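There are 2 protein chains.
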Amino acid sequence: MAIQVNKQLLEKGQVGAMIEWLASFGQTENGGVTRLLYSPAWQEAQYALKNIMDQMKLDTYFDRVGNLFGRLQGTNPNLKTILTGSHIDTVVDGGKYDGAYGIIASLIAAARLFNQYGYPKKTIEVVSLCEEEGSRFPLTFWGSRNITGDYNLVQVENVLDGEGVSFLDAMKNAGFDPDTYVSPVRHDIERFVEIHIEQGMVLEKNEKQIGLVTHIVGQRRYSIQVYGESNHAGTTPMQYRKDAVSTASQLISFLTKKTEEVDTRLVATVGKLTVKPNVPNVVAGKVEFTLDIRHHEEKVIEQYCNEIFNEFKRFTNALDMEVSISQWMDVMPVRMDEQMTLLAKEIAEERKLLYQEMISGAGHDAQVFGKIYPTSLLFVPSQKGISHSPCELTSLKDLEAGIDLLTEFLYKLAY
Amino acid sequence: MAIQVNKQLLEKGQVGAMIEWLASFGQTENGGVTRLLYSPAWQEAQYALKNIMDQMKLDTYFDRVGNLFGRLQGTNPNLKTILTGSHIDTVVDGGKYDGAYGIIASLIAAARLFNQYGYPKKTIEVVSLCEEEGSRFPLTFWGSRNITGDYNLVQVENVLDGEGVSFLDAMKNAGFDPDTYVSPVRHDIERFVEIHIEQGMVLEKNEKQIGLVTHIVGQRRYSIQVYGESNHAGTTPMQYRKDAVSTASQLISFLTKKTEEVDTRLVATVGKLTVKPNVPNVVAGKVEFTLDIRHHEEKVIEQYCNEIFNEFKRFTNALDMEVSISQWMDVMPVRMDEQMTLLAKEIAEERKLLYQEMISGAGHDAQVFGKIYPTSLLFVPSQKGISHSPCELTSLKDLEAGIDLLTEFLYKLAY
Chain A
1 MAIQVNKQLL EKGQVGAMIE WLASFGQTEN GGVTRLLYSP AWQEAQYALK
51 NIMDQMKLDT YFDRVGNLFG RLQGTNPNLK TILTGSHIDT VVDGGKYDGA
101 YGIIASLIAA ARLFNQYGYP KKTIEVVSLC EEEGSRFPLT FWGSRNITGD
151 YNLVQVENVL DGEGVSFLDA MKNAGFDPDT YVSPVRHDIE RFVEIHIEQG
201 MVLEKNEKQI GLVTHIVGQR RYSIQVYGES NHAGTTPMQY RKDAVSTASQ
251 LISFLTKKTE EVDTRLVATV GKLTVKPNVP NVVAGKVEFT LDIRHHEEKV
301 IEQYCNEIFN EFKRFTNALD MEVSISQWMD VMPVRMDEQM TLLAKEIAEE
351 RKLLYQEMIS GAGHDAQVFG KIYPTSLLFV PSQKGISHSP CELTSLKDLE
401 AGIDLLTEFL YKLAY
Chain B
1 MAIQVNKQLL EKGQVGAMIE WLASFGQTEN GGVTRLLYSP AWQEAQYALK
51 NIMDQMKLDT YFDRVGNLFG RLQGTNPNLK TILTGSHIDT VVDGGKYDGA
101 YGIIASLIAA ARLFNQYGYP KKTIEVVSLC EEEGSRFPLT FWGSRNITGD
151 YNLVQVENVL DGEGVSFLDA MKNAGFDPDT YVSPVRHDIE RFVEIHIEQG
201 MVLEKNEKQI GLVTHIVGQR RYSIQVYGES NHAGTTPMQY RKDAVSTASQ
251 LISFLTKKTE EVDTRLVATV GKLTVKPNVP NVVAGKVEFT LDIRHHEEKV
301 IEQYCNEIFN EFKRFTNALD MEVSISQWMD VMPVRMDEQM TLLAKEIAEE
351 RKLLYQEMIS GAGHDAQVFG KIYPTSLLFV PSQKGISHSP CELTSLKDLE
401 AGIDLLTEFL YKLAY
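Sequences listed follow chains A and B, in order. The C-terminal position of the first sequence is numbered 415 in the UniProt record's numbering, with every residue numbered one higher than the one before it. The C-terminal position of the second sequence is numbered 415 in the UniProt record's numbering, with every residue numbered one higher than the one before it.
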């Protein structure tokens, strides 16, 4: 599918065609997209985007890890760069909007600004970040963390994908030879703006077009093991049991109920649970479950964890059972730039867009940049909150509203 | 290993050697026993037992499905037969005592009775039932249900084992050709006595040597499906969730607590539970779990099921979620013969055995016979309640106490 750039990017509704076009790279049988880091579909998508950027007369280049940049040169060489964009990679059989929309919206915004106002004072760079999801290799934010200097080759030296391909080989095969690696860290960036689908149902439920993200939540993940005693389901009276399933159920009921008491914005999820031996007529001897906890204030997460883990220990102790709790993820909350949020809010009001402030419960590249530069994260609605699925959908009207806001926002920041 | 029968069966402690001897057929690496219906190990064990019975001068024969009988002829041909024994088959890597003890104890009792008193008035038959566990083919009580006429070839026509071998082929290869099948139903049996290990920890906790079983519990098994909505663990606020894991946890906590309220002798077990999609950062869309419910009174089971299932529906309804409940097992409780229990109790008291009345939470051949003839089920303790495991153990003292009671019991019934 060929895209005729110049005129079309300026037309209302063109965003829909571009979403479909980008989704054609890595399209799945289910109508979803699989575009894993450094895969052939990923390479095709990045080079196709580079083509579009070239047609737009942006200065285009890849950095050493495969982040693609399209630069609209600023007239004042003393001013730093406004970076805007999102990530090109997807989960397996993911949706067409996650990441892709942020890149396309930035391209369209840059095209419209240039068409209307010419070159900006500050350089605007549209970035198609190489990796955010962690769906091929077990690490996330490879693109943004290279730009901020948080990551370099050390983090991926011994990393393999699910098929045993090493990170470094995959990188080399995609044309980014690790032997020529120099950190692509950037010191010339003033701020970062990302627009993304919400991946939740808050905007839809509240009938808003735009979410102005004030914080990206911190996340902790734990693995909880409940040790009971495997016994015969018929011959063991209830009072003699150490039933790992019924005990784990009580812990899960407790932790779920406790979220409300601590803070209604706190979320806690037991998404994975396994039982041993997992046989209908045997009292379970062991249950292992994961616990994913998120909130935008570290102290709330801390308080919640203390309260539930104390109760876990008290409760299992009273049953003469054991519980073990191990943490395997700890990500701090990140605050988006307040001044930028205020600016986005003023624009939304001027343009009569239905908006609200909100917290992002999902992780985004904006949290990597947000620790270092002033950063904004803007959301458009996700229908039914569905994401990471071929059913991901945002209406054309909402996509356009997001681009409208982003365009004006970049104008205020760069012109 | 050869067993010298006549003298040795009369000696105290010989039961231990016989348990070891029988466990040598189908011995596993872990020190357990695997003796699946119609397997080579099963055939060897049945023919070895037949040999012992032959040496004891019992009249021995197999019926058409492989139940082995050793007959000590009664002097009064008008009286019906006292049947005693248990099953020869085991679970995979099971223990040495489950089933085997009941056969050996019956043989030793018959030998001692004949040695001391000669021929009984009523015929005593020791039976080594071919199948009870359901561990090779998905059906149970094949031996006893053929004797009672509940089962015939119809029930096994299309039944396969885990390796795809048909029941009928396995039967034929073991020397029991289905083409010559005639129902081995017996109409000459007056009553049945089975002695078995408890497979629970009640006798041990109460420091008793003998359990006089008054009832064998009824069992119902259900499959419960909780349908929620799979969602992003970060972007879905708690109040918008339909979390199948947390909902299932509340149902399980409820059903566990409810057992106490209904009857402390009721047991309810969720032994198997699976989550979909079972991913740490995804709110689960579906949970399926099994529920095994046992009590010795059908009306208690009925009341309990009504109460919990009504609550399951009310609870999920209030969350705008769905629950489906399907039953896949329904076994009625069976009462053991009261007069026989009274007789066993008198004997236990005379012989100063530490005993108690109790309910069997596990299924036994006695429940098949107990629906048709007056039947007794006697228990000896299982150390730590362990069963269906190579660690199954009953002390020699307890094994002998059981044989002591059984011998006197058969004397009172047949002489």
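FYI, nobody ran anything at the bench for these hints, they're computed from the structure. These figures come from a predicted structure and were not determined experimentally. It is possible that part of the hints are untrue.
Label pairs and their computed distance ranges (CB to CB) [to be verified]:
id, chain 1, residue 1, chain 2, residue 2, range
1, B, Glu204, A, Gln327, 38 to 48 Å
2, B, Asn306, A, Lys352, 32 to 42 Å
3, A, Ala17, B, Glu163, 52 to 62 Å
4, B, Val159, A, Val154, 32 to 42 Å
5, B, Thr180, A, Pro277, 21 to 31 Å
6, A, Thr264, B, Asp150, 50 to 60 Å
7, A, Val154, B, Lys258, 50 to 60 Å
8, A, Asn306, B, Leu319, 44 to 54 Å
9, A, Pro277, B, Val159, 34 to 44 Å
10, B, Gln303, A, Ala318, 21 to 31 Å
11, B, Pro277, A, Gln27, 38 to 48 Å
All C-beta atoms in this analysis are idealised placements derived from N, C-alpha and C, irrespective of residue type, glycine included.
#### Entry: Cβ separation of B/Glu204 and A/Gln327, checked against the hinted range 38 to 48 Å
Because 40 Å falls inside the window, the suggested range holds.
### Cβ separation of B/Gln303 and A/Ala318, checked against the hinted range 21 to 31 Å
The hinted range 21 to 31 Å holds for B/Gln303 and A/Ala318, with Cβ atoms some 29 Å apart.
### Task
Go ahead and decide if the range 50 to 60 Å is satisfied by the Cβ distance of A/Val154 to B/Lys258.
holds, 56 Å
### Query
Measuring from beta carbon to beta carbon, are B/Pro277 and A/Gln27 in 38 to 48 Å?
22 Å Cβ-Cβ, so the 38 to 48 Å window is violated.
### Query
Does the Cβ pair A/Thr264, B/Asp150 satisfy 50 to 60 Å?
Given a distance of about 59 Å, which is inside 50 to 60 Å, the answer is holds.
### Task
Using the beta carbons of A/Ala17 and B/Glu163, state whether their distance is inside 52 to 62 Å or not.
Given a distance of about 57 Å, which is inside 52 to 62 Å, the answer is holds.
### B/Asn306 versus A/Lys352 beta-carbon gap, inside 32 to 42 Å or not
Roughly 57 Å apart at Cβ, these two residues miss the hinted range, so it is violated.
### Task
With 21 to 31 Å as the target window, see if B/Thr180 and A/Pro277 comply at their CB atoms.
Hint violated: Cβ distance 40 Å, outside 21 to 31 Å.
### Task
Take a look at whether the Cβ-Cβ distance between A/Pro277 and B/Val159 falls inside 34 to 44 Å.
violated, 24 Å
### Message
Quick check: does the Cβ-Cβ distance between B/Val159 and A/Val154 fall within 32 to 42 Å?
### Response
violated, 59 Å
### Task
Just tell me: holds or violated, for the beta carbon distance of A/Asn306 and B/Leu319 against 44 to 54 Å?
violated, 28 Å
Violated hints, listed in ascending order, are 2, 4, 5, 8, 9 and 11; each of the other numbered hints is respected by the structure.
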